[in-house]
Amino acid sequence: MLESIFRELILDHYRRPKNKGALDDPTVTVSMRNPLCGDEIELMLGIENDRVAEVRFRGQGCSISQASASMMTEALAGRSLDDALALERRFLDLMHGDEEAQRDRALGDLQALQGVAKLPVRIKCALLGWNALDEAIRAHRASDRGLMGERLEFDDMTADVPEAAPPEGFDPEAHKEELPG
Amino acid sequence: MNDRFQEAGSTDATTTVAEGRTPPLDTAALRRRFPVLDQEVHGHRLAYLDSAASSQKPDVVIDAVRDYYLRDHANVHRGAHTLAVRATDRYEEARRRMARFAGAGRADEIVFTRSTTESINLVAAAWGRANLGPGDIVLVTEMEHHSNLVPWQLACEAAGAGIQAVRMTDRGELDMDDLDRRLAEGRVRLVATAHVSNALGTLHPVEEIARRARGAGALYLVDGAQAAPQMPFDVRAIGCDFYAFSGHKMCGPTGIGVLWGRKELLDAMPPYQGGGEMIEEVRIERSTYARVPHKFEAGTPHIAGAIGLAAAADFLDKVGRDRIHAHERRIAGLALARLADEFPRIRLHGPDPGTPRAGVVSFTLADIHPHDLATILDHEGVAIRAGHHCCQPLMRRLGVAATARASFYLYNDEDDLDALVRGLHRAEEIFGVG
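From first to last, the protein sequence lines stand for chains R and W. Under this note's numbering, residues 40 to 220 are what the first sequence spells out, in order. Under this note's numbering, residues 113 to 546 are what the second sequence spells out, in order.
Be aware that one or more of the hints could be misleading.
Only pairs whose alpha carbons sit at most 20 Å apart, straight line, appear in this in silico EDC-like list of lysine to aspartate or glutamate [claimed, not checked]: (1) K375/W to D138/W; (2) K157/R to E492/W; (3) K430/W to D346/W; (4) K157/R to D490/W; (5) K157/R to D479/W; (6) K157/R to E47/R; (7) K59/R to E254/W; (8) K57/R to E113/R; (9) K430/W to D171/W; (10) K375/W to E392/W; (11) K430/W to E152/W; (12) K59/R to D132/R; (13) K157/R to D132/R; (14) K57/R to D479/W; (15) K375/W to D346/W.
Just so you know, the hints here were simulated from the structure itself, not pulled from any lab data. No experiment lies behind these values; they were computed from the predicted model shown.
One chain only, chain R, in its complex shape:
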């Protein structure tokens, strides 16, 4: 079980992260922090013609949060923003244990994180970088429409984490009668 979570590839990205550092002139920068455990990610995107031309991140935290961010930056390079959001949705599927996502080659190294789906309390770690990405794209698009000014800096934003799946074997239907209301 543990070996299927802390895969060699995850430890590799944790110890030798890809795209770690800062961009000189990022189009958009977003900082995300998980206030419960203190993990931090600062994501910088260089966006050209609606594509991710450059990406860097800084941060500190557990192997899952940092490896996920590192893998994400590798998978993002050159993608259109729509494509990047599609990848994010695919990764969310993977974190929910979706079998189709587990076979999707588009996720590349990110497939190594599929074991995290079995650890509901750690899914939020794997999503930290992706929440930053989501916010960055949203902010970029808002600023393109002139809604939010030119340069955006988000700090200390609480990650918007989807609800964890119910524990394995828990069928809410079966408990319906016991629950009030």
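Following the hints, put chain W in place on chain R, whose structure we already have.
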């Protein structure tokens, strides 16, 4: 009513711990008193090493709460019927019990709150509102739990007062010279420190701090959340002005806490929250308030929690708090020695081995993040805590983002320590750390 409070009398708990002269705890027998410990986690005997966050509950506490709801429950005070009288008697008896537990002279110096956090917020808000002003200083330490820091920030901000922190030495102890320097400026109105550090296990010299605070004309609040569960204490012998602790860390229920305060200080403080129970006479424009402690207990209190807490106090005193403390020191000492011995790349935080401390062992292992350690240990049946332990300023001071913390309590034995060591070796294996 006030006469009844004065019956509380003094405690027979001693403040000095008879180290080495106490018979060791029968942890196997104690463990059987905690039903929750009798289970496997991920196929391993549960080694619960997270009692500094919250302790487990013995059968007598669970029974006391259950028994109260089965037989005696009604709202307290004012009720004329039999159950209301019984519930009131049991609630007020619990107050007298907690006065004895803390060494308070009077039961009306015991205010039931939700938690240590609420106890401190009560003092910060009510005492702070009446006593803090521009130029005043509240003095905390670099090692405080956020619950003994943020309430003071709020109070100071409202009053235009300042907040300062006593420095910590590299050995995880308070820099007493720094305390003196800050007190000497003459602006400190209140000093607030933990009795025992939750993140490092350091025992602070609270009697000495009380003496120096008093000498500088400052009040002294002690956060006893980590001390109350595991060592005898006597608020009058310490010489402090306020002492706060929680039920759930000392084998009692969650949602119940205690604030002890010197009677004349509590009398002079304005109320904390308004509502039922805390009033004398209410008119539309203004009201008069009940006497202490009820002045500070607005709304229906956690009656079952107070009764369960009194049962927990009985349980701890029956075991012997001096013995619990000796046990914690012994097992923490064993843990420190084994971790240092078996893990060349471990960094142990806190006081040097051999110095008095609580059963808290805080560490980081090579480049394995504490959260990853906690996940791996969980799969070995070992429950520890990982993170900043609500002490972000302390983490900054230590130069780490987080630590792993194993905390030992009266039901932990060397099997639990073995399980911790095994789990850490497993983490080394998974992370390729040798």
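(Q) If you test the structure against every hint from before, which numbers come out violated? (A) The structure breaks hints 1, 5, 7, 11 and 12; every other hint is satisfied.
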